[in-house]
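From just these sequences and the hints, can you work out the full model?
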Amino acid sequence: MTCLPAHTDKKLGLVIDLDTCVGCQACVTACKEWNTGGHMAPLTDIDPYGGDVDGVWFNRVHSYEHMTEMGGRTVNFPRSCLHCETPACVTVCPTGASYKRASDGIVLVDEDKCIGCKLCSWACPYGAREFDTDVGVMKKCTLCVDRIYNDNLAEEDRVPACVAACPTSARHFGDLGDPASAISQLVAERGGVDLMPELGYQPTNKYLPPRAQTPRAASVPAPALEPVRAEGGFLGWVDRMLSH
Amino acid sequence: MNHGPLRGANSAPSQRSLADTRAPDEGDGVDTSPDVSDSIAKTTCYMCACRCGIDVHIKDGKVRYINGNKDHPVNRGVLCGKGSAGIMQHYSPARLKKPLLRTGPRGSGEFREIAWEEAFSIATERLSRIRRTDPKKLAFFTGRDQSQSLTGWWASQFGTPNFAAHGGFCSVNMAAGGLYTIGGSFWEFGEPDWDNTKYFMLFGVAEDHDSNPIKIGLGKLKARGAKVVSINPCRTGYNAIADDWIGIRPGTDGLFVFALIHELLKAGRVDLDYLLRYTNAHVLVIQEPGAADDGLFARDSGGNPLAWDRLAKVSVSATDNGTKPALTGNFEVDGRRCVPVFQLVADRYLRESYSPDAVAERCGIAADTIRRIAAELAHVAFEQAIELPVAWTDWAGRRHETIKGRPVSMHAMRGISAHSNGFHTCRAIHLLQVLLGTVDVPGGFRFKPPYPRSAPPGPTPAGKDVRPMTPLEAMPLGFVCGPDDLLVDDAGTPIRIDKAYSWDAPLAAHGLMHTVIRNAWAGDPYRIDTLFMYMSNMAWNSSMNTVETMAMLTDMDASGEYKIPFIIYSDAYYSETVPFADLVLPDTTYLERHDCISLLDRPISHADGPGDAIRHPVVEPDRDVRPFQTVLIELGARLRLPGFVDDDGSAKYRDYADYIVNHERTPGVGPLAGWRGKDGTSIGRGEANPDQLQRYIDNGGFWHHDFAGDQRYYKMANRSYLEFAEYMGFIPKAEPIVFQLYSEPMQRFRLAARGHGRVLPPEAERSRIETYMDPLPFWYAPFEEAAVDLEKYKLHALTQRPMHMYHSWGSQNAWLRQITSQNRLFVHNRTAAGLGLVDDDWVWIESINGKVKGQIKLVDGVNVDTVWTWNAIGKRRGSWGLKDDAAESNRGFLLNHIIGDQTSADANGRRYSNSDPVTGQAAWFDLRVRIVKCAAGEAGFTEPQFERFRQPPHFEPSPDKLNFGAEFRRAREAAE
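The listed protein sequences derive, respectively, from chains F and A.
Quick note: the first sequence uses full-length UniProt numbering, first residue 1, plus one each step.
Quick note: the second sequence uses full-length UniProt numbering, first residue 1, plus one each step.
Just to be clear, a hint being listed does not mean it is correct.
What the hints assert, rightly or not - Once the Cα atoms are required to be at most 20 Å apart in a straight line, the calculated EDC-like pairs of lysine to aspartate or glutamate come out as:
{"id": "1", "chain 1": "A", "residue 1": "K227", "chain 2": "F", "residue 2": "D19"}
{"id": "2", "chain 1": "A", "residue 1": "K961", "chain 2": "F", "residue 2": "D132"}
{"id": "3", "chain 1": "A", "residue 1": "K266", "chain 2": "F", "residue 2": "E231"}
{"id": "4", "chain 1": "A", "residue 1": "K59", "chain 2": "F", "residue 2": "E189"}
{"id": "5", "chain 1": "A", "residue 1": "K883", "chain 2": "F", "residue 2": "D54"}
{"id": "6", "chain 1": "F", "residue 1": "K113", "chain 2": "A", "residue 2": "E973"}
{"id": "7", "chain 1": "A", "residue 1": "K883", "chain 2": "F", "residue 2": "E189"}
{"id": "8", "chain 1": "A", "residue 1": "K857", "chain 2": "F", "residue 2": "E65"}
{"id": "9", "chain 1": "A", "residue 1": "K961", "chain 2": "F", "residue 2": "D134"}
{"id": "10", "chain 1": "A", "residue 1": "K324", "chain 2": "A", "residue 2": "D368"}
{"id": "11", "chain 1": "A", "residue 1": "K324", "chain 2": "F", "residue 2": "E65"}
{"id": "12", "chain 1": "A", "residue 1": "K883", "chain 2": "F", "residue 2": "D52"}
{"id": "13", "chain 1": "A", "residue 1": "K794", "chain 2": "A", "residue 2": "D774"}
{"id": "14", "chain 1": "A", "residue 1": "K266", "chain 2": "F", "residue 2": "E226"}
{"id": "15", "chain 1": "A", "residue 1": "K220", "chain 2": "F", "residue 2": "E189"}
{"id": "16", "chain 1": "A", "residue 1": "K313", "chain 2": "F", "residue 2": "D239"}
{"id": "17", "chain 1": "A", "residue 1": "K961", "chain 2": "F", "residue 2": "E226"}
{"id": "18", "chain 1": "A", "residue 1": "K220", "chain 2": "F", "residue 2": "D19"}
{"id": "19", "chain 1": "A", "residue 1": "K961", "chain 2": "F", "residue 2": "D52"}
{"id": "20", "chain 1": "F", "residue 1": "K113", "chain 2": "A", "residue 2": "D273"}
{"id": "21", "chain 1": "A", "residue 1": "K266", "chain 2": "F", "residue 2": "D239"}
{"id": "22", "chain 1": "A", "residue 1": "K404", "chain 2": "A", "residue 2": "D300"}
{"id": "23", "chain 1": "A", "residue 1": "K851", "chain 2": "A", "residue 2": "D841"}
To be verified - Simulated DEER-style distance windows between Cβ atoms:
{"id": "24", "chain 1": "A", "residue 1": "A734", "chain 2": "F", "residue 2": "G232", "range": "38 to 44 Å"}
{"id": "25", "chain 1": "A", "residue 1": "R950", "chain 2": "F", "residue 2": "G116", "range": "38 to 44 Å"}
{"id": "26", "chain 1": "A", "residue 1": "N321", "chain 2": "F", "residue 2": "G232", "range": "24 to 30 Å"}
{"id": "27", "chain 1": "F", "residue 1": "E226", "chain 2": "A", "residue 2": "E770", "range": "33 to 39 Å"}
{"id": "28", "chain 1": "F", "residue 1": "D134", "chain 2": "A", "residue 2": "A975", "range": "22 to 28 Å"}
{"id": "29", "chain 1": "A", "residue 1": "A974", "chain 2": "F", "residue 2": "Q213", "range": "51 to 57 Å"}
{"id": "30", "chain 1": "F", "residue 1": "E226", "chain 2": "A", "residue 2": "A491", "range": "55 to 61 Å"}
{"id": "31", "chain 1": "A", "residue 1": "G29", "chain 2": "F", "residue 2": "E189", "range": "35 to 41 Å"}
{"id": "32", "chain 1": "F", "residue 1": "E69", "chain 2": "A", "residue 2": "E352", "range": "34 to 40 Å"}
{"id": "33", "chain 1": "F", "residue 1": "I115", "chain 2": "A", "residue 2": "A975", "range": "23 to 29 Å"}
{"id": "34", "chain 1": "A", "residue 1": "E938", "chain 2": "F", "residue 2": "P5", "range": "54 to 60 Å"}
{"id": "35", "chain 1": "A", "residue 1": "R224", "chain 2": "F", "residue 2": "A6", "range": "52 to 58 Å"}
{"id": "36", "chain 1": "A", "residue 1": "E791", "chain 2": "F", "residue 2": "Q213", "range": "44 to 50 Å"}
{"id": "37", "chain 1": "F", "residue 1": "T133", "chain 2": "A", "residue 2": "Q384", "range": "54 to 60 Å"}
Just so you know, the hints here were simulated from the structure itself, not pulled from any lab data.
It should be emphasised that the depicted structure is a prediction, and the values quoted were computed from it without experimental measurement.
From the three backbone atoms N, C-alpha and C, an ideal C-beta is built for every residue, glycine too.
Structure (structure tokens):
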């Protein structure tokens, strides 16, 4: 079994705004595109043009419908590794392949140590692990560890590929361990939440909930329109307005 | 923090790199700074119509990675799901490899490979004969073409009027509805003021036009807390994040908008000052029933429209800014009764038939909701008006110390467009915006240069006089202002094969590509010789009535000749249309070509300034393929078309790149506006600059000019802007553009229907012209709805493209197809329960045109009387490099099979194209269906099924496994 670091210097992670995500899949393919040539390359696709197509993806978007007091709502939900503070996927790993970095908190897989036993994928309640059957190794989101510190990229590009691509600006990145960081403040302002906190894995990534639905009439404080009352109805009103 | 200048859309503090990006000393051996690329080429994406800037990272001669260009005015660094899957598009196994000549029956997919020389000689011989005899026997239709200023010009130099791209089945209702009303349009020629709007209404946008700009804009609205109201039967995509989702019944948006207008008028909540300054609201309309000028504008001897001065009580020029024009009343001018346009507007929309209570049931929207939205619009427009502290001067020389705005904006697209009442509905939305005073003002809908232009813009379409070996006098597509401009012969018969600009579709500004195959097959109005198409899947998802369309493509006459004698098609991929071609010209991918995204055509401008862009080859083709535009230019030279050859008969342009730099449409004005002049210092006008393409490449693949602060709003009347627009050649003269609430060109058609004028409609067409060429927008039931048994076909059926495949050739993309490879029919829970259906059932979807089988998915977020599915997921077996067991051809289905391409017969037995009667826009969304659970043995697979296409020579089977990217890792590890 693999130990977790007692403490991480940073808690790097993502914040995803469910109020803004339109489910366009840009983060999904941007992730695939970077990572298939990146640290865990490749993200193998089996039967890519056939009926049993099955590829490795570090990030997927699902759309759900649910009912609220105000009626139905559709929520687009991007799902990737949450880089938990106490991830079971690490502690169950028999070889030390699955590990959490002490420096920045990123959860990674050391492919040289991975024996493909899949215990980690059984342990992860978020479904964030992806088994590459072609090489028999478990793969997963690296938080673009090969971008965020990459001296070969311009400094402004040292963010995860999904954050750079997102067309609606629904994805954020930073140190969630630093309460003064912009991302921590965003979480505080918007009431960011953990995914399934009751399981106790303390996800680092947060989700910003959709805006509360309000009784619709109240959202713009517009008084009801009243017909122009004075003489001549609407046309009379026009004439008076023009005469002013 | 050490950050340089912040660029790009995603540059909020919570989206930037870490304050310290030095890698921590983790000691786990992870290479945190791998080499990314040997070079970065900046070019333009081409997987939809957005034209985003992309950075293509090249490593070891292969594409490693593509990301958005942060400096690019369209996408500002972001990239959509398609753009980020561009690698798989580029390396698709479905790419054509070499020119093909048909050997088997048409539609079989049996071809032999031929050399380009042979391909050119076949095409040249055939087209040359057509040009010598009857040029209109060439029908040249170019699909998703982004080079229409070249392709249209080629057609006109060839001498055929039979040219258009795919706008007729895509968005012409939006284009024409806007251009005839405000001289601009949603999407292509305008955009909401995302930075200032407080209330945004999104009509019928099916996750589409346009992609990244709307998404970036919605992100801004969400960040600011502006209200988003979506009017759409489906609650997906953009509609999912709206604050208010109005699940309207398809085809009733016009009624809903008129009810909003009714409420605003009744309450006196319209901007009279704006109407007087920028519209024809005060222009006098002659009211003399039976007269030849009834319904036309009263004009002075100089032809200027007249208004009525309330104080002087005389008629005055409507453009004279020193008068006090009346907006209501009834006046006599030269012995003729006249009323201002606004009086007609008020008379029509104050009718009770347009009240919220009257339309609520039909729209499926509560009357109180309509009243509330009207109140919100009025509140935001008038109580939350904004002012930018920038002085500007209007066309008449009046200085304004601030720029005033009403922060309500609107955007509309396919859901409005794809109905047979879409033109009038689009006009209605623009009318609503204009009444609120919110067009090209801060917070409103803004024009993108080169728009606005006069409403409608010129010139008229060419093609009245088609003669052998003779170019047309102008471009084939244009704007008609009355019956005299139509392309019909003396008997009223259409001149064009698609019947554009005929009585069937008078304002067909984009042509009617969707009618070409039927008309050519039927010889109606005449037989053609060659159908030449580019980049449009007309044998599958781009046609209505697919089954019959395929049959028309293969149908023969008694002598065993195909009724459409010869088909030339250019595509980069083995699509469903390729097997129906006799000669196939293989195109390159978007990373292997030159292109220009031109101000002469469909540029990359935004509201704060004009821009254009290029594509340039960033990787070399590994196949014997050529970019279509270069092929077209060579074909033009071989045919010795004027403009394509020098005086000595030699080719004028080496290739498309040479044309882009050196072609001049008018002296000094060419395809690209940036870095003109010998030294590259001019914009808009100037001599050709031999270094122009390099200057574009050095600048990231695009050119963009930022307006001065005082030029950015009120462009229809802003002197500084109008003078700039004249200099650039956007408009002929720096004169104000007047919004046409009442469309006089349409009234001219009505007068013709009443027997007035030189060009008259055939008797049988008169009532149709009288009805639909109404000069004020109105609502009528979509044609199919009006014609079918609504008790039998209770449901509306719609399609939309998923955002990750919007406007794209998606299905051969190994990544995108993993996201969607089987489309379901989405059915409301309650509707399904009423039909005894449960989730995952297989059903027959039946219309009056046929039936198709698919699997349902139950949802809550859809109008209860509407079912819908993802379009263009269903594929024909043997196409796109897909294997025989692919979900696309076994479980995915194409709704097009049951969308009729013609209306039901009218009282005269006449069937028209299933299109808007004004513009000819394909009425995809008029479809009515019923759904029936299929028998147990029928479940699990789609029908109809079609014979598998054979594969072209030397097509290798698609791979069983992709490990794209492994090579980059191997190279890194080898280098360590």
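Here is what the structure says about each hint:
| no. | hint | in the structure |
| --- | --- | --- |
| 1 | A:K227 / F:D19 | holds, 13 Å |
| 2 | A:K961 / F:D132 | holds, 12 Å |
| 3 | A:K266 / F:E231 | holds, 13 Å |
| 4 | A:K59 / F:E189 | violated, 42 Å |
| 5 | A:K883 / F:D54 | holds, 14 Å |
| 6 | F:K113 / A:E973 | holds, 17 Å |
| 7 | A:K883 / F:E189 | violated, 50 Å |
| 8 | A:K857 / F:E65 | holds, 12 Å |
| 9 | A:K961 / F:D134 | holds, 9 Å |
| 10 | A:K324 / A:D368 | violated, 38 Å |
| 11 | A:K324 / F:E65 | violated, 56 Å |
| 12 | A:K883 / F:D52 | holds, 10 Å |
| 13 | A:K794 / A:D774 | violated, 29 Å |
| 14 | A:K266 / F:E226 | holds, 8 Å |
| 15 | A:K220 / F:E189 | holds, 17 Å |
| 16 | A:K313 / F:D239 | holds, 14 Å |
| 17 | A:K961 / F:E226 | violated, 67 Å |
| 18 | A:K220 / F:D19 | holds, 12 Å |
| 19 | A:K961 / F:D52 | holds, 11 Å |
| 20 | F:K113 / A:D273 | violated, 75 Å |
| 21 | A:K266 / F:D239 | holds, 14 Å |
| 22 | A:K404 / A:D300 | violated, 33 Å |
| 23 | A:K851 / A:D841 | holds, 16 Å |
| 24 | A:A734 / F:G232: 38 to 44 Å | holds, 40 Å |
| 25 | A:R950 / F:G116: 38 to 44 Å | holds, 41 Å |
| 26 | A:N321 / F:G232: 24 to 30 Å | holds, 27 Å |
| 27 | F:E226 / A:E770: 33 to 39 Å | holds, 38 Å |
| 28 | F:D134 / A:A975: 22 to 28 Å | holds, 23 Å |
| 29 | A:A974 / F:Q213: 51 to 57 Å | holds, 56 Å |
| 30 | F:E226 / A:A491: 55 to 61 Å | holds, 57 Å |
| 31 | A:G29 / F:E189: 35 to 41 Å | holds, 38 Å |
| 32 | F:E69 / A:E352: 34 to 40 Å | holds, 35 Å |
| 33 | F:I115 / A:A975: 23 to 29 Å | holds, 28 Å |
| 34 | A:E938 / F:P5: 54 to 60 Å | holds, 58 Å |
| 35 | A:R224 / F:A6: 52 to 58 Å | violated, 43 Å |
| 36 | A:E791 / F:Q213: 44 to 50 Å | violated, 36 Å |
| 37 | F:T133 / A:Q384: 54 to 60 Å | holds, 57 Å |
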